[in-house]
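*Asks:* Hey, can you piece these two chains together into the complex? The hints should help.
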Amino acid sequence: MTLISVEFALLWVITAILYYIFPLKYRWTVLLASSGVYYFFSGLKTGYFMLISIAVIWFVALVLDKYNENHKQYLKEHADLTRDEKKALKAKVQKKKRLVLTCGLVLCFGMLVFLKYFNFLSDQTFSILRLIGVEGKAPKHDLAFPLGISFYTLQATSYIIDVYRGKLRAEKNVAKVALFVSFFPQIVQGPIGRFGHLAHQLYEGHRFNFTQFKYGLQLFLWGLIKKLTLAEYMGVIANEIFNNYTEYKGFEILLGAMVYGVQVYADFSGGMDMVRGVAQVFGIEMAVNFERPYFAKSVSEFWRRWHITLGAWMKDYVFYPLSLSKAFSTMGKKTRKVFGAYIGKMLPTFLASFIAFFLVGVWHGSSYKYVVYGLWNSIIISGSILLEPVYKKMLEKLKINTDCFSWQLFQIFRTFILVSIGRIFSRATSLTASIEMLKNMFSEFNPWIFTDGTLYTFGLQPRQMFMVFIVILTLVVVSIMQEKGMKIRETLDKQNMIFQWLVVIGAIVFVLIYGAYGTEFSAASFVYQQF
Amino acid sequence: MKEQLMKILNELRPDVDFENETALVTDGILDSFDIVSLVGEINAEFDITVGVDELEPENFDTVAAMLDLIADLAD
Numbered sequence: 001m002t003l004i005s006v007e008f009a010l011l012w013v014i015t016a017i018l019y020y021i022f023p024l025k026y027r028w029t030v031l032l033a034s035s036g037v038y039y040f041f042s043g044l045k046t047g048y049f050m051l052i053s054i055a056v057i058w059f060v061a062l063v064l065d066k067y068n069e070n071h072k073q074y075l076k077e078h079a080d081l082t083r084d085e086k087k088a089l090k091a092k093v094q095k096k097k098r099l100v101l102t103c104g105l106v107l108c109f110g111m112l113v114f115l116k117y118f119n120f121l122s123d124q125t126f127s128i129l130r131l132i133g134v135e136g137k138a139p140k141h142d143l144a145f146p147l148g149i150s151f152y153t154l155q156a157t158s159y160i161i162d163v164y165r166g167k168l169r170a171e172k173n174v175a176k177v178a179l180f181v182s183f184f185p186q187i188v189q190g191p192i193g194r195f196g197h198l199a200h201q202l203y204e205g206h207r208f209n210f211t212q213f214k215y216g217l218q219l220f221l222w223g224l225i226k227k228l229t230l231a232e233y234m235g236v237i238a239n240e241i242f243n244n245y246t247e248y249k250g251f252e253i254l255l256g257a258m259v260y261g262v263q264v265y266a267d268f269s270g271g272m273d274m275v276r277g278v279a280q281v282f283g284i285e286m287a288v289n290f291e292r293p294y295f296a297k298s299v300s301e302f303w304r305r306w307h308i309t310l311g312a313w314m315k316d317y318v319f320y321p322l323s324l325s326k327a328f329s330t331m332g333k334k335t336r337k338v339f340g341a342y343i344g345k346m347l348p349t350f351l352a353s354f355i356a357f358f359l360v361g362v363w364h365g366s367s368y369k370y371v372v373y374g375l376w377n378s379i380i381i382s383g384s385i386l387l388e389p390v391y392k393k394m395l396e397k398l399k400i401n402t403d404c405f406s407w408q409l410f411q412i413f414r415t416f417i418l419v420s421i422g423r424i425f426s427r428a429t430s431l432t433a434s435i436e437m438l439k440n441m442f443s444e445f446n447p448w449i450f451t452d453g454t455l456y457t458f459g460l461q462p463r464q465m466f467m468v469f470i471v472i473l474t475l476v477v478v479s480i481m482q483e484k485g486m487k488i489r490e491t492l493d494k495q496n497m498i499f500q501w502l503v504v505i506g507a508i509v510f511v512l513i514y515g516a517y518g519t520e521f522s523a524a525s526f527v528y529q530q531f
Numbered sequence: 001m002k003e004q005l006m007k008i009l010n011e012l013r014p015d016v017d018f019e020n021e022t023a024l025v026t027d028g029i030l031d032s033f034d035i036v037s038l039v040g041e042i043n044a045e046f047d048i049t050v051g052v053d054e055l056e057p058e059n060f061d062t063v064a065a066m067l068d069l070i071a072d073l074a075d
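Which chain is which? The protein sequence lines are B and G, in order. Take 1 as the starting number for the first sequence in the working numbering and just add one per residue. Take 1 as the starting number for the second sequence in the working numbering and just add one per residue.
None of these hints come from the bench; they were simulated from the model. Only a predicted model underlies this, so the values are computations on that prediction, with no experimental measurement involved. The reader is advised that the hints may include incorrect statements.
Keeping only pairs whose Cα atoms sit at most 20 Å apart, straight-line, the calculated EDC-like set for lysine to aspartate or glutamate is [claimed, not checked]:
1. B:K326 - G:E41
2. B:K345 - G:D68
3. B:K326 - G:D34
4. B:K87 - G:D27
5. B:K86 - B:E69
6. B:K392 - G:D15
7. B:K167 - G:D68
8. B:K326 - G:D47
9. B:K393 - G:E11
10. B:K76 - G:D72
11. B:K45 - B:E69
12. B:K95 - B:D162
13. B:K96 - B:E69
14. B:K90 - G:E54
15. B:K167 - G:E56
16. B:K392 - G:D72
Only chain G is shown next, with the shape it has when bound in the complex (with noise of 0.2 Å):
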């Protein structure tokens, strides 16, 4: 699932180093753009449907974050 992810990060914004940023949204390092762009992306791959009430700054702050939501919605 890594993987996947990081393949869609990594498209999506190469300049970012993901493996160690911890602050993505907080920091401001993903914009609103991005985080749109992002949910398309993994609601596509992974056949969820991450809503409005998701998008919080916590879920979306570190790859590791990411991967807990995705589970989460998986399940």
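One chain only, chain B, in its complex shape (with noise of 0.2 Å):
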């Protein structure tokens, strides 16, 4: 049952129906079946490693939320402790803690690894043996990849990790649970969400709110128009020239890596917008997974507009107990020694960085090209922070001035340009093929693409390619709107109803007439529910 289908509507539809008519108290509840209702109809062969997930962390929560609320007792019985016993026994509690967090986290990642990467660390381990002589045939499981298994796993541990941290109490309900990992909007692509976040929103019941309601049904229509007016409609250049791209040079590449960001955005953010407009159906908010990406005037700050749930997770859970860990304060000191002051300084953080965006790509899939597509992002991001003070006396002895406009806009293409050429490594169909793809792209020099009619090569007639071009520019205005803080729902909601009416009829004729439909085309499906 995907997002776009006639039976994810229906059950869209009686969710809401029966959400409103439960009492306050028990709306949870009906969020849980449909929940439960989605992954029978979708994943139900592979429905018990979630459940067991949902065991496991429910279990570890509850054991540290106990350790939390001893050692808080303890200290209340004990005032008069000293601030060494106090640290003493704060180490002790937290050494019977981290191992519980430990059994939590192996038990759930446990899963994901084996499931998504042993097939191919079990080849590659074979590959090398075989090198050395040792005969054998690799052992494989044939297990099915469970729904949205990338993205729950990632939300489940979050909660028993800020648990660990105390910023949580436990639930002790199993079931509440089990809807905060199962949430069926967000089970296949995210949005990865936090329990301080999304939990209440999901317990207490909502009482229905008009306003709120059509909000929900406008940016699920919207994202219903990114996706099926421009996603699918870029995926025919993308795919061509991804898929026969030794047939290709020069700027055709380049634009190849560019569409692909777009399809990828206009597909991603397209289904966040639908799975956000769905719980706002329920007054249920959901975190916000994008920013406007493509106006990030670094690489850097894409990061923290582009899929911002799974950054900040990479941040909290890895980047910064990395950074701020004893092991690498230690190496801090001994490579301020080795490398002065600055890069000394820099050198730990730069590994902790390297270490989550290498996370970030193998996270994608389980192929070589995805640790480049990580490491690419890391090494651009660590690489323009080193040569900061480099570029700053470069620009002043040009005379550059970079308080105005033009620099702004040259910022925001060339970090377009090099987010462009790391999707390179993750669409491609290989690593070879993304490196063979990039000696093409600089292998000859043909501007003249986008003028003598080569566009309309790659799959699109004149028409759709109008089209495309009509959406990418309202894309491109409602961004800017955005940008400058107009919320553009609010602003539609203060006009006379008829043109409210008008926006939105025409918005669905628009998607009706224009929307990718067909063989061709995989409506249906969404580039990172393969993830």
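*Replies:* And the structure:
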């Protein structure tokens, strides 16, 4: 059952009706039942993996919470403890908590790693063994990949880490924990919610609010427009270039990378708009996953605007803990002695960023191309920080004014190109193909492909190209308005009713007429659901 | 204490008006690399340990919040 299907629409409508019929106190049970129905029709065979995760985090959180509360109680009853005694007690409790947390993390991530990477790692190990003369068949599992495991595992583990850190109290009701992990709109491609932000919204019943209901439907429609009238058409060009990369050179490759960038943005952010729209109908505000990433002026800013919930997860649970760990602090002292104050101080932070981006890369899939994709982003970010002093001197010497619109536009364009080059690694059919594509990109200078009609040879008709151009233009205008702080739906809400209806009906008709349906498109599937 | 903190902040990011900014982390003025450098300097200067648990935007959005955090951890 995918987001764009009659079955999903039916589930959404029935859930909404039942949700508002049920007493406030029990409305969360409707969401849980619907999540169960969704999983039953979408991934029943592998559902037990999710059930194991739910049971594990429920139990681990309860144990951690018990330690937290006992610790607090002990401190309350023994107010006369010295600072050193308190420190020793804290260390003792931390040790026990760490053991419990580690067990939970190993179990949750163990399932993900085994199902997602075992076959790949087994293949690679045996390829190496063959080189040294050891023969044998690589063992493999044939288990199906559970629906949404890459997303719900991160969401589930963030809960137990937050309880471990004392930020949250554990939820005693296992059914409520199950709802937090399995809430049906988010299961396939996120956003990766945090318990502190999402759970109470799921559990407390929301009264029907017509404005919120309307906003939810409008957001869903906006996502549908992005997905069906942009992502799918961009996908035709991107598929043509990436699947037949040996036939293309120079700017054709760059075009493919840029078009894929637009495709994946329209696809993923469109999907997120739809997911958030579905939840808003129930009065639930899910985490924002995109904030106009292509307006970013640097790659690091891009990652604060793109797939925000994944970036935030990596920052809070990988980058910060590593950067501030004793081991990295000790490393920093050593690297300062060897490389000097500036570089030496930054090296451990770069390493932490490197590890976080490596994980972002492999999170996408078990292939070397994803490793390089992650590392490409890390190298660009670390490199730009390292070279910042040189860069500033260059700008001063060349007397370039950096406080003007044209410079900001240049920065935006530069970031888009750098990110697009990274996308070649993630979208190419293999790492070898991506390297070949990069070589071909620099092998010919053919900017005339943008004016000599070549654009019409990638699979789209001139009429479709024009329609895509209109959608991109609309997306840019809407994004600029949002960037300036305008709230589109609130602004529309203040207009006359006739105008509001004209806009909504116009959008629906536009999707119905120009939406990408048919066998040459894959409207029902989303790029990120495969991860 | 404020003087020491302002010295660290101004050396880290001379381009930022720390006295008047009220959403240093929330608005993305300080990024994660800045935060890690800042925490390293604060730990060394005030002989405290700012842990991962304390890395919340509300603890770093303003100079006043940072001073509160330092005072809390020093106790």
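*Asks:* Decide, hint by hint, whether the structure agrees.
*Replies:* How the hints compare with the structure:
1. Distance hint between K326 (chain B) and E41 (chain G) is fulfilled; the C-alpha atoms sit about 15 Å from each other, no more than 20 Å.
2. With a C-alpha separation of about 26 Å, the suggested pair K345 (chain B) and D68 (chain G) falls outside the 20 Å cut-off, and the hint is violated.
3. Taking the CA atoms of K326 (chain B) and D34 (chain G), the gap is near 19 Å; set against the 20 Å cutoff, the hint holds.
4. Taking the CA atoms of K87 (chain B) and D27 (chain G), the gap is near 35 Å; set against the 20 Å cutoff, the hint is violated.
5. Note on K86 (chain B) and E69 (chain B): the hinted pairing holds, with a Cα-Cα distance of about 15 Å set against a maximum of 20 Å.
6. Restraint check: the Cα-Cα separation between K392 (chain B) and D15 (chain G) comes to about 13 Å, which is no more than 20 Å; the hinted pair holds.
7. The hinted pair formed by K167 (chain B) and D68 (chain G) meets the criterion: a straight-line CA distance of about 19 Å does not exceed 20 Å.
8. Note on K326 (chain B) and D47 (chain G): the hinted pairing holds, with a Cα-Cα distance of about 15 Å set against a maximum of 20 Å.
9. Proximity of K393 (chain B) to E11 (chain G) is assessed by CA-CA distance (about 18 Å); at most 20 Å being required, the pair is judged to hold.
10. With a C-alpha separation of about 18 Å, the suggested pair K76 (chain B) and D72 (chain G) falls inside the 20 Å cut-off, and the hint holds.
11. In summary, the hint linking K45 (chain B) to E69 (chain B) is not supported, as the alpha carbons are separated by about 39 Å, beyond the 20 Å threshold.
12. Restraint check: the Cα-Cα separation between K95 (chain B) and D162 (chain B) comes to about 16 Å, which is no more than 20 Å; the hinted pair holds.
13. Taking the CA atoms of K96 (chain B) and E69 (chain B), the gap is about 14 Å. The hint holds against a cut of 20 Å.
14. Between K90 (chain B) and E54 (chain G) the alpha-carbon distance is near 16 Å, which keeps this suggested pair within the 20 Å criterion.
15. For a cut-off of 20 Å, the pair hint linking K167 (chain B) to E56 (chain G) stands: about 11 Å separates their Cα positions.
16. Annotation: proposed proximity of K392 (chain B) to D72 (chain G) is violated, straight-line Cα distance about 38 Å (limit 20 Å).
Checked against the numbered hints above, the structure breaks hints 2, 4, 11, 16 and satisfies the rest.
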